[in-house]
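Chemist: Each chain, letter by letter, is given below.
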Amino acid sequence: MGRVLEAYVGEYASGKSENAINRGRQLARKGRRVRLVDLDLVEPFYTLRPLKRRLAREGLEVLAWETNELVGLGEAAIPIKKEMTTALAFAGDVIIDLGYGVDGRKLLNLVAGSFATDNAGARLRLLMVVNTTRPLTSSVPLIVAYIQEFGAVDGLINNTHLGAETTVELIQEGAVLVTEAARRVGLPVVATAALRPYARQIGPYDRMGNPVRPLDRYMCDAFW
Amino acid sequence: MKEVVRKGCTVFSDHGPAFGWDGGLLRKGGRVIKETQLTGEYGAVLEKEQRSFMTGNEVVAWAALAAEADFMYGYPITPQNEIMHYWSRLAPHFGRGFLQTEDEMAAGFAMLGGALVGKKTFCATAGPGNILMQEPIAMAEMMQIPGVWIIQQRGGPSTATVIYSQQELRLTTAGGNGEGLRIVYSTASHQELFEYTIKAFNRAWQYRFPTFVLGDGYQAKLREAVTLFRPAAKGWTLIPAEPLVRGPGIPALDREPVHLRNTFNIEEELYARLEEQLAAYERLTPEVVEWEVEVGPETEVLLVAHGIVARAAKQAQKMLNQQGQKVGYFRPITVRPFPGTALRQAVGANPNLRLLVVESAYGQLLSMVKAELYGLTNPIDTLLKPGVGVTAEEIVATVTKRAPKEVCHGG
Numbered sequence: 005m006g007r008v009l010e011a012y013v014g015e016y017a018s019g020k021s022e023n024a025i026n027r028g029r030q031l032a033r034k035g036r037r038v039r040l041v042d043l044d045l046v047e048p049f050y051t052l053r054p055l056k057r058r059l060a061r062e063g064l065e066v067l068a069w070e071t072n073e074l075v076g077l078g079e080a081a082i083p084i085k086k087e088m089t090t091a092l093a094f095a096g097d098v099i100i101d102l103g104y105g106v107d108g109r110k111l112l113n114l115v116a117g118s119f120a121t122d123n124a125g126a127r128l129r130l131l132m133v134v135n136t137t138r139p140l141t142s143s144v145p146l147i148v149a150y151i152q153e154f155g156a157v158d159g160l161i162n163n164t165h166l167g168a169e170t171t172v173e174l175i176q177e178g179a180v181l182v183t184e185a186a187r188r189v190g191l192p193v194v195a196t197a198a199l200r201p202y203a204r205q206i207g208p209y210d211r212m213g214n215p216v217r218p219l220d221r222y223m224c225d226a227f228w
Numbered sequence: 047m048k049e050v051v052r053k054g055c056t057v058f059s060d061h062g063p064a065f066g067w068d069g070g071l072l073r074k075g076g077r078v079i080k081e082t083q084l085t086g087e088y089g090a091v092l093e094k095e096q097r098s099f100m101t102g103n104e105v106v107a108w109a110a111l112a113a114e115a116d117f118m119y120g121y122p123i124t125p126q127n128e129i130m131h132y133w134s135r136l137a138p139h140f141g142r143g144f145l146q147t148e149d150e151m152a153a154g155f156a157m158l159g160g161a162l163v164g165k166k167t168f169c170a171t172a173g174p175g176n177i178l179m180q181e182p183i184a185m186a187e188m189m190q191i192p193g194v195w196i197i198q199q200r201g202g203p204s205t206a207t208v209i210y211s212q213q214e215l216r217l218t219t220a221g222g223n224g225e226g227l228r229i230v231y232s233t234a235s236h237q238e239l240f241e242y243t244i245k246a247f248n249r250a251w252q253y254r255f256p257t258f259v260l261g262d263g264y265q266a267k268l269r270e271a272v273t274l275f276r277p278a279a280k281g282w283t284l285i286p287a288e289p290l291v292r293g294p295g296i297p298a299l300d301r302e303p304v305h306l307r308n309t310f311n312i313e314e315e316l317y318a319r320l321e322e323q324l325a326a327y328e329r330l331t332p333e334v335v336e337w338e339v340e341v342g343p344e345t346e347v348l349l350v351a352h353g354i355v356a357r358a359a360k361q362a363q364k365m366l367n368q369q370g371q372k373v374g375y376f377r378p379i380t381v382r383p384f385p386g387t388a389l390r391q392a393v394g395a396n397p398n399l400r401l402l403v404v405e406s407a408y409g410q411l412l413s414m415v416k417a418e419l420y421g422l423t424n425p426i427d428t429l430l431k432p433g434v435g436v437t438a439e440e441i442v443a444t445v446t447k448r449a450p451k452e453v454c455h456g457g
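First to last, the sequence lines map onto chains A and B. Oh and the first sequence: position 111 is 115 in our numbering, straight run, nothing missing. Oh and the second sequence: position 154 is 200 in our numbering, straight run, nothing missing.
No wet-lab data here; the hints were simulated from the structure. Don't take every hint at face value.
For the chain B half of the interface with chain A, some residues (derived, Cβ under 10 angstroms), not all of them [as the list claims (entries may be wrong)]:
{"id": "1", "residue": "Leu92"}
{"id": "2", "residue": "Gly263"}
{"id": "3", "residue": "Glu328"}
{"id": "4", "residue": "Thr331"}
For each residue, glycine too, the CB sits at the ideal point set by N, CA and C.
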């Protein structure tokens, strides 16, 4: 298996950061070198920054500001760290958590090699995280419209949940919608992501045959 | 193509378009008819009444849509920005409008113009934006032009933080150079943000006083489940916006002329007008005030908090009662008009009752509570944390450990 290069993109509050962290952890547990990049520079809330040290202790190389490095900047736009512009020049896997929406995607224009293929044929894949309980991605036509507005991506991740009110059936219903939307635009569903207890109940594949990725919660500690 | 006909929208009468930009809107019988391929899909979000996982800012945008608001005027400021983002994503699918002005003062004045020609208008702001907005709000108060303002409080004073506080309570309830004749709802959950935003539109156009939903940065950004719905599905009737000026007929011949004033030549003229307005405000107060209370004859400590801090207080009350403490809870939902009679009733029967006032500000709620309890001698403890959040655990620790700090001696 060559280098894994993935950027987690999509609708605001869809679960991009949680999925990026967990993907990084999953790869690291296999003994792979993983760099996790915080390119959520849209707003100061709910980013990887407060988790930087904890994730580093858990074996990830984290490229992110620390909250205290930004003290004094107020709400002026958060600058890109110069190391982020060469984030993909790394011998191991690179997982990018990208700010929300079309404007978040534009940040990739500042990262060298975002749209290129490396010598071994690896290239950055954009994975769109979809929670079908989010109103703007709550039906097949709305998911399709969102993808069309956003631009080309390489695959979808069903991340349907309702916080504390999540049920296995809800996740499965999300899988049905996301899979149908993916079929209409000719994209694969890379995974259904679910918190570990739900993932255990669902098993290795969801109702639509998509692989299930268990999630551990990190972002609840990352408000600021 | 299905027709989307909006109820109560009479603005596009024979006067032509009220705004230059919207010449592309389809009209039929004076009503706006416009849809896109996604209108039905977005509309279905309200119809289905499913649980949705949302941030508070998004909830407000959907509430404005459900309340059939016509137009948002705004200027960006954290933490309210996604109200603008989501409204401007939704509005084009429903023939509604959005205008980003050059600053908050312009947004506020543009709102008044929209309301004059019969648009249901709203705005969202915070912190320094809330300060700038006070001038148009004072004008709205003087001229009784309706409008809805969403305030997502951030740290203060000045630019301070983009995060959170309850430091805009005084500004929102009593800002401006007048008497603070406003209606202000302080919400504590996403469901309340949705329902009170809808209610705020009705109150604004019913009473024609500036109406506010007072949220905060936590509620703005927090994610939790909420059920969106169409007001009609709950039997709620929306009050339509009618043009305040440029009505049919010739003024003074066919109808009374409309003369909305914010300038008066002599003191007595102003005084007469204010007396009318103050009387109107007194009349609406019992119809509008809302609160939550849990108190009994055995209650020893009454937690008093508003907004999201009231949510922590409610949790603390539960934890303390499980420990065998006799703790009650009082939460003003309208912080203006303040439910003073209800608070006094909750406290007044029991001279041994201690109050614990909790807020993310340095005594803004406290001063309101003291004013309402004038003459009573109940001790008042405080947990005042300006610009930062308050947890249920902190409230529990305060109740179980702290000695009384402050006593209300009745002024």
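Chemist: So which of those numbered hints doesn't the model satisfy?
Modeler: Of the numbered hints, 3 and 4 do not hold.
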